[in-house]
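As they're listed, the protein sequences go chains F and U.
Per this note's numbering: the first sequence = residues 1 to 221.
Per this note's numbering: the second sequence = residues 1 to 722.
No lab work stands behind these hints: they were computed from the structure.
Hints may be right or wrong, so weigh each one.
Simulated crosslink set (PhoX-like; lysine-lysine; CA at most 25 Å straight-line) [claimed, not checked]: (1) U:671 with U:22; (2) U:649 with F:145; (3) F:67 with U:44; (4) U:22 with F:70; (5) F:182 with U:609; (6) F:145 with U:609; (7) U:471 with F:145; (8) F:200 with U:609; (9) U:671 with F:67; (10) F:182 with U:649; (11) U:38 with F:145.
Quick list of simulated restraints, FRET-style, between CB atoms [claimed, not checked]: (12) U:464 with F:213: 55 to 63 Å; (13) F:125 with U:76: 27 to 35 Å; (14) F:52 with U:590: 45 to 53 Å; (15) U:405 with F:53: 26 to 34 Å.
Taking beta-carbon pairs under 7 Å as the criterion, some of the chain U residues facing chain F (in silico) [stated by the list, open to error]: (16) 42; (17) 518; (18) 617; (19) 653; (20) 656.
Ideal Cβ placement from N, Cα and C applies to all residues, glycine included.
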Amino acid sequence: MSEIDSKVPNKPPKTKSDFSRRGFLKGVGISGGVLSTGVLETEAEAEPTAKVDGPGAVPITLNINGKMHKLEVEPRVTLCDALRNRLEITAAKRVCDRGTCGACTVIINGKAVYSCTTLAIDAQGKRIETLEGFSTPAHPHALTKAFLDHDAEQCGYCTPGFVVAAKAFLDHNPNPTEADLKTGLGGNLCRCGTYMGIRKAVMQAAKEMKSAKVAKGTAHA
Amino acid sequence: MPDTTTPNYHWPPMADRRVIGKSHSRLDGIQKASGAAKYNSDIKPAGMLFGAILTCPHAHARVTSIDTSEAEKIPGVTAVRVIMGPGKEVQWGGAEVASVSATSEEAANDAVKAIKVEYEELPFLVREDDISKAGNRAKAAGEQVTGDPDKAFQEAAYTHEGDYGIPVITHCCLESHGNVVAWEGDKLSLWPSTQNVSGIGGDLGRAINVSAANIHVHQDHIGGGFGSKFPADLWGVEAAELSKQSGGKPVKIFLDRKTELLIAGNRPSAFGHIKVAADKDGKITAWESKTWSTGGLAGGGLSADLFPYVYRKVPNRRINHTAISTNTGSARAWRAPNHEQVSYLTCSAIEDLAAKMKMDPLEVFLKNADLTMREEAYTSQLKKAAELADWKKNWHQRGDSGSGAVKRGLGIGVGTWGGAGHASQCQATIHPDGSVEVELGSQDLGTGTRTIIAMVAAETLGLPVSAINVKIGDSTYPPSGASGGSTTVGGVSSSTRKATVNALDKLFAAVAPSLGTTPDKLEAVDRRIVVKGDTSKSLTWEAACRKLGTNKISESGENNPRTAPREGLNTGGVAGVQIADVSVDTETGLVKMNRLIAVHDCGLIINPKTAESQIFGACIMSVCSALFEERVADQQIGRVLNPDMEFYKLAGIMDIGEIIVHLDISPENDKRGVIGLGEPPAIPGDAAIGNAVANAIGVRVPQLPLTADRVLAALASKGGNA
Ligand code: FES
Ligand code: FES
């Protein structure tokens, strides 16, 4: 749903909003969208290979929730669109489609990432976790249960993104204060206004996940 | 004499309730929080095609030519449709010009880009904040005068005059607007994102000339609506036509975020000059408002009849309103249409008057409570909110907030709403195996509708909530109203109550002989059918249902808004008061929410847990609109500059402070029956936050949102003596 812009032949200086995100991503060859969970990508990106992909569809393999998925996508296809449109893995939602709202959050190699600003081809060879991978109605994750307990969801459209971001956050910050949590989940937006419940839910889940870990540790000892 | 001909539908007495009034977690909560809940933007029926829409970049233009030939050649494209052919006039940016469908979303987007359109640009107006530039686009409504405002202003001890403004904001539902549509023969399947499961089929049918009976609507979940998702919309029509041209294959069109923010609804603006006067004791004697607003091309926007808000009985009033037609997407209902704007303008002017009188605004709101329609309610709510805010300790005269750079302030906002139940039908079925289902063509917007339906049925039938199979979200179920205006909870709870009472009466009739009694002596308690007063005589629920043999019981119940008031199951009319507590950094202009205290009256509360969530959510929406949200349009180029979520800002989890909810759950309120709670708490927050900032920094920031630049500008205009 783009516009044919016949009016502005000489574009004014580009503002942030004017960037074609996908063009930008392709141009610099990185995957963007690391959330503000305090886990900025620090290791160097693998050297880009000289091989040029596209513009047509290319075969790729994605490791999603421990399962290998083979599919063909054009290099411009985001991980979010690959998940939703091709693989029908739909917990991650496409909302802003430009790295603002967090509804599309997935975990890649242990880090929360916006899947709408990650190209599917760049997600190859990495461990991709979606909400479906760690929480199901039959075996809900502690966070899922805590979201229910504290009514941290209304329409629920932002909820999967919050649960995934919260999991990545707690994996890295098992003893958060409420202030940590507010910063840690600052990369996600909710329109229905469920933040009050989310704060309580994540604090509860943190406690439960910790005591579960302790219990597990003792059992193994 | 008790009426023996009609069943007793009344809500059970408060003390006897087992389910209603106790907090229950939402039934679909685990589904949603595990990602298993499927929204219609998630589904992919076999063979689904992706649709896309070409939109107009200009605020106002005539299409001179449109060439779709290149688009049609793109591999995977199945259909291309021209919506605005040569000669057609496009009236706002983002309006639909052409549509395509293709086997992949990428191909559909490429096809849209390949359509060549030439436009003749036409004059436009996209901003309305300066009414002097509106020219002939401004249409004044007639002046309304009550009493003698001129004389009252002359005689007044205090008069305040001020300008206030609240911009257009958008719904920004996280699930965009859209649908999946497919044909099978002459029948149509529609999977929309809608607040109107029972009505949207008819709406689409009228547009494409198909009987509503031939349109099957299904929706399990919706990702936000807030008033913007009632009609079938042009994207429904286009998806249906593209599907038809593609052999009936399902076509998915969900608007991209930019288009959604441009054309899928917004809340009208409100700007105005307000004059308000009081006598020497602070009693308000006169009101004059000259306001204007835009709701898009149609002008409209605001119902100025609501001025002065809540304080309706100011004896002398003069009200003028001008609607401004702009070349921008059309307004839609926005959670409490009109009320936030009139509340903001009214309460701001009252607090400014109080500041001028050097009076405590709490005293002014209290002293004038007799000017409201609910003097007692507002008096007690103002006092309760003040108590929760520790007003006496924390309030200070305007601007009298110490010497540090960060100033704290408190402010008040008030609201009122209806919220009586809409028309709703429910079918309740008891099966011989003991299973129970209730069917309604309703929808759960995230308010918890599913859960309260189950709770009502469980209460009536003496069963646990988990025993009730709630079926909503399908047009084959009995029709239930659209979810808007806080009407759903009253409607569906009443129809469910009646249907389940009717079904239970049938069950009583079937089992009474075997218990050696008459049906009127039976009651349903704790999974048993019991003879009242003789617990030794009872049947388990399952044993009772087995007595039905092979015959299920299926009974209907209806809420009719016309007869509902005398039946007493639901009603309308609530008051609300909120107090905001903010800190403002006078060096950076940043406003920080400390607390928002929300005191609301209510009727019978079915599920306190989800009721509280409604209030939290509404308060957070107020923080969004008071501090962040604004659709910014540029009159030079005729464009909205921020149709995206970086620059169309919403509050995040760190921005909202604490929210303190007080719901007046009391036997007295309970007697009123069920009243909707969706809109009321969304109303007073804008005013309360604006007033708190004025109280903190000693000067009014006239226009929302209270961004840093506006705060600093207001401080500068005052001469910086904050
Ligand atoms: S959809 Fe990816 S961040 Fe919003
Ligand atoms: S629950 Fe609706 S957007 Fe968060």
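For each hint, the structure was consulted:
Taking the CA atoms of residue 671 of chain U and residue 22 of chain U, the gap is near 17 Å; set against the 25 Å cutoff, the hint holds. Simply put, residue 649 of chain U and residue 145 of chain F have alpha-carbon atoms about 30 Å apart, too far for the 25 Å limit, and the pair is violated. The hinted pair formed by residue 67 of chain F and residue 44 of chain U meets the criterion: a straight-line CA distance of about 21 Å does not exceed 25 Å. Restraint check for residue 22 of chain U and residue 70 of chain F: not satisfied, since their Cα atoms lie roughly 49 Å apart, outside the 25 Å limit.
Between residue 182 of chain F and residue 609 of chain U the alpha-carbon distance is near 23 Å, which keeps this suggested pair within the 25 Å criterion. For a cut-off of 25 Å, the pair hint linking residue 145 of chain F to residue 609 of chain U stands: about 15 Å separates their Cα positions. Proposed proximity of residue 471 of chain U and residue 145 of chain F is supported: the alpha carbons are some 23 Å apart, at most 25 Å. At roughly 14 Å between alpha-carbon atoms, residue 200 of chain F and residue 609 of chain U fall within 25 Å of each other, so this suggested pair holds.
With a CA separation close to 57 Å, the supplied pair residue 671 of chain U and residue 67 of chain F exceeds the 25 Å bound. For the suggested pair residue 182 of chain F and residue 649 of chain U, the alpha carbons sit about 17 Å apart, so the restraint of at most 25 Å is met. Restraint check: the Cα-Cα separation between residue 38 of chain U and residue 145 of chain F comes to about 19 Å, which is no more than 25 Å; the hinted pair holds. Restraint check, residue 464 of chain U to residue 213 of chain F: a C-beta distance of roughly 34 Å breaks the suggested window 55 to 63 Å.
About 29 Å separates the C-beta atoms of residue 125 of chain F and residue 76 of chain U, a value consistent with the hinted range of 27 to 35 Å. For residue 52 of chain F paired with residue 590 of chain U, a C-beta distance near 47 Å keeps the hint of 45 to 53 Å intact. For residue 405 of chain U and residue 53 of chain F, the hinted distance range of 26 to 34 Å is not satisfied, since their beta carbons lie about 54 Å from each other. For residue 42 of chain U, the suggested interface contact is upheld, since its CB lies about 4 Å from the closest CB of chain F, less than 7 Å.
Interface hint status for residue 518 of chain U: violated, as the beta-carbon distance to the closest one in chain F is roughly 43 Å, over 7 Å. Because the closest C-beta pair between residue 617 of chain U and chain F is about 3 Å apart, less than 7 Å, the hint holds. The closest approach between the C-beta of residue 653 of chain U and any C-beta of chain F is roughly 4 Å, which is under the 7 Å cut-off, so the hint is satisfied. With a cut of 7 Å, the hint placing residue 656 of chain U at the interface with chain F holds, because the nearest CB-to-CB distance is about 6 Å.
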